[in-house]
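Heads up: the sequence lines are chains A and B, in that order.
Just add 375 to the spot in the first sequence (first one is 1) and you have the working numbering.
Just add 3 to the spot in the second sequence (first one is 1) and you have the working numbering.
Worth flagging that the hints you see were computed from the coordinates, not collected in a lab.
Don't be surprised by glycine CBs; every beta carbon is placed ideally from N, CA and C.
Be careful, since some hints might not be right.
As the list claims (entries may be wrong) - Chain B side only, calculated, beta carbon under 7 Å to chain A, not exhaustive:
#	residue
1	Glu-14
2	Phe-15
3	Val-16
4	Ser-39
5	Gln-43
6	Ala-46
7	Ala-84
8	Ala-85
9	Pro-109
10	Lys-111
What the hints assert, rightly or not - Computed list of lysine-lysine pairs in DSS-like fashion (alpha-carbon distance at most 30 Å, straight line):
#	chain 1	residue 1	chain 2	residue 2
11	A	Lys-429	A	Lys-405
12	B	Lys-111	A	Lys-389
13	A	Lys-405	A	Lys-380
14	A	Lys-509	A	Lys-429
15	A	Lys-429	B	Lys-72
16	A	Lys-400	B	Lys-96
17	A	Lys-405	A	Lys-509
18	A	Lys-429	B	Lys-100
19	B	Lys-96	B	Lys-111
20	B	Lys-96	B	Lys-118
21	A	Lys-509	A	Lys-389
22	A	Lys-429	A	Lys-389
23	A	Lys-389	B	Lys-72
24	A	Lys-389	A	Lys-400
25	B	Lys-100	B	Lys-72
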Amino acid sequence: MSGIKVEFLNPFIKAAYQVLEQEAKANIGKGIPSVQESYFTLKDISVSIGVTGKVQGTVLYGMDERTAKGIVSAMVGGPVPIFDRVAESAVAELGNMITGIASGELEAAGYPCTISPPTVIAGRGTIISTVNIKRVLLPLNTQYGELEISLALQERLV
Amino acid sequence: MARVLVVDDAEFVRMRMRRLLAEHGYEVVEADNGLSAVHQYRAEHPDLVFMDITMPLLDGISAVREIRKEDPGASIVMCSAAGQQAMVIEALKAGAKDFIIKPYQPEKILEAIGKFMHKGEPH
Chain A
376 MSGIKVEFLN
386 PFIKAAYQVL
396 EQEAKANIGK
406 GIPSVQESYF
416 TLKDISVSIG
426 VTGKVQGTVL
436 YGMDERTAKG
446 IVSAMVGGPV
456 PIFDRVAESA
466 VAELGNMITG
476 IASGELEAAG
486 YPCTISPPTV
496 IAGRGTIIST
506 VNIKRVLLPL
516 NTQYGELEIS
526 LALQERLV
Chain B
4 MARVLVVDDA
14 EFVRMRMRRL
24 LAEHGYEVVE
34 ADNGLSAVHQ
44 YRAEHPDLVF
54 MDITMPLLDG
64 ISAVREIRKE
74 DPGASIVMCS
84 AAGQQAMVIE
94 ALKAGAKDFI
104 IKPYQPEKIL
114 EAIGKFMHKG
124 EPH
């Protein structure tokens, strides 16, 4: 298995702070990063975004439905009683914005890459294989609950 | 009434833009992919376009090229989460007037309208 470069982590943390603070008025506390061995999604809702270029792999954003509703409610400026299409689109966009900003930072650091459109996965226990790339889990605590950023990224050497 | 075409595959983004622009008196038309944007531009003749980049069927930069072929004076502002320099340059070369990086800041949207709106005023 390949390890993830530490310099790939910070752009995502920085971008997540920026987007969550701006979009959802979130107060954020950083949890302890860990390496994830599981292939299963452990949260109700996951947003998956592919990265290709000098850095390649997958980024997952996982959250419980209650957390997703809280974040989306702050984003749309009103209550979100059900997790509907607009809510799904909002969490997808949240992941898209974080990854997009982080990819700009990675490019500036010498790792140009492009990102795929987000995919939303609803339901725990879905198998998401990142093949032979280890995942690093970055938990962020907010007043809405925990947002887990899972990074399975590696440098493309050729 | 000035008309703005909002192109984004994310329903949430279109909803938010629709609200903001309607509050400021603009008529909003929407498209959820680049191909539909080209058709909508042809049909609706908007005064300004806000265009996402990564979309299904036809991406935003290709849509800008198609629209500019038909209307070289089209006012198009790119709005994207992906703010890589290479992408910004490609969008501007394709004929976009400006590039706004998401998350959306309403003041940036309104500023772009003030700078690039072709004709017409909000009611």
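Verify the proposed pairing of Lys-111 (chain B) with Lys-389 (chain A), using a straight-line Cα cut of 30 Å.
Holds, at roughly 21 Å.
Between Lys-429 (chain A) and Lys-100 (chain B), does the CA-CA distance stay at or below 30 Å?
Cα-Cα ~29 Å, so holds.
Pair hint Lys-96 (chain B) and Lys-111 (chain B), alpha-carbon separation not exceeding 30 Å
holds, 21 Å
Regarding the hint that Lys-111 (chain B) lies at the interface with chain A, is the smallest CB-CB distance below 7 Å?
violated, 12 Å
Close enough to count: is the Cβ of Phe-15 (chain B) nearer than 7 Å to one in chain A?
Hint on Phe-15 (chain B): holds, closest Cβ of chain A at ~4 Å, below 7 Å.
Lys-429 (chain A) paired with Lys-389 (chain A) [C-alpha distance capped at 30 Å]
holds, 20 Å
Under the criterion of a CB-CB separation shorter than 7 Å, is Glu-14 (chain B) in contact with chain A as hinted?
holds, 4 Å
Restraint satisfaction for Pro-109 (chain B) [CB to CB of chain A, less than 7 Å]
Constraint on Pro-109 (chain B) not satisfied, violated at 11 Å.
Within a Cα-Cα threshold of 30 Å, do Lys-389 (chain A) and Lys-72 (chain B) meet the stated pairing?
Since the Cα atoms of Lys-389 (chain A) and Lys-72 (chain B) sit roughly 39 Å apart, the hinted pair is violated (cutoff 30 Å).
Chain A contact restraint for Ala-85 (chain B) - C-beta distance below 7 Å
holds, 4 Å
Quick one, is the Gln-43 (chain B) hint okay against chain A at 7 Å, beta carbons?
At 19 Å from the nearest chain A Cβ, Gln-43 (chain B) fails the 7 Å test, so the hint is violated.
Compare the distance between the alpha carbons of Lys-509 (chain A) and Lys-389 (chain A) with 30 Å, and conclude whether the hinted pair is satisfied.
holds, 21 Å
Of the hints listed earlier, those the structure fails to meet are numbers 4, 5, 6, 9, 10, 15, 16 and 23, in rising order.
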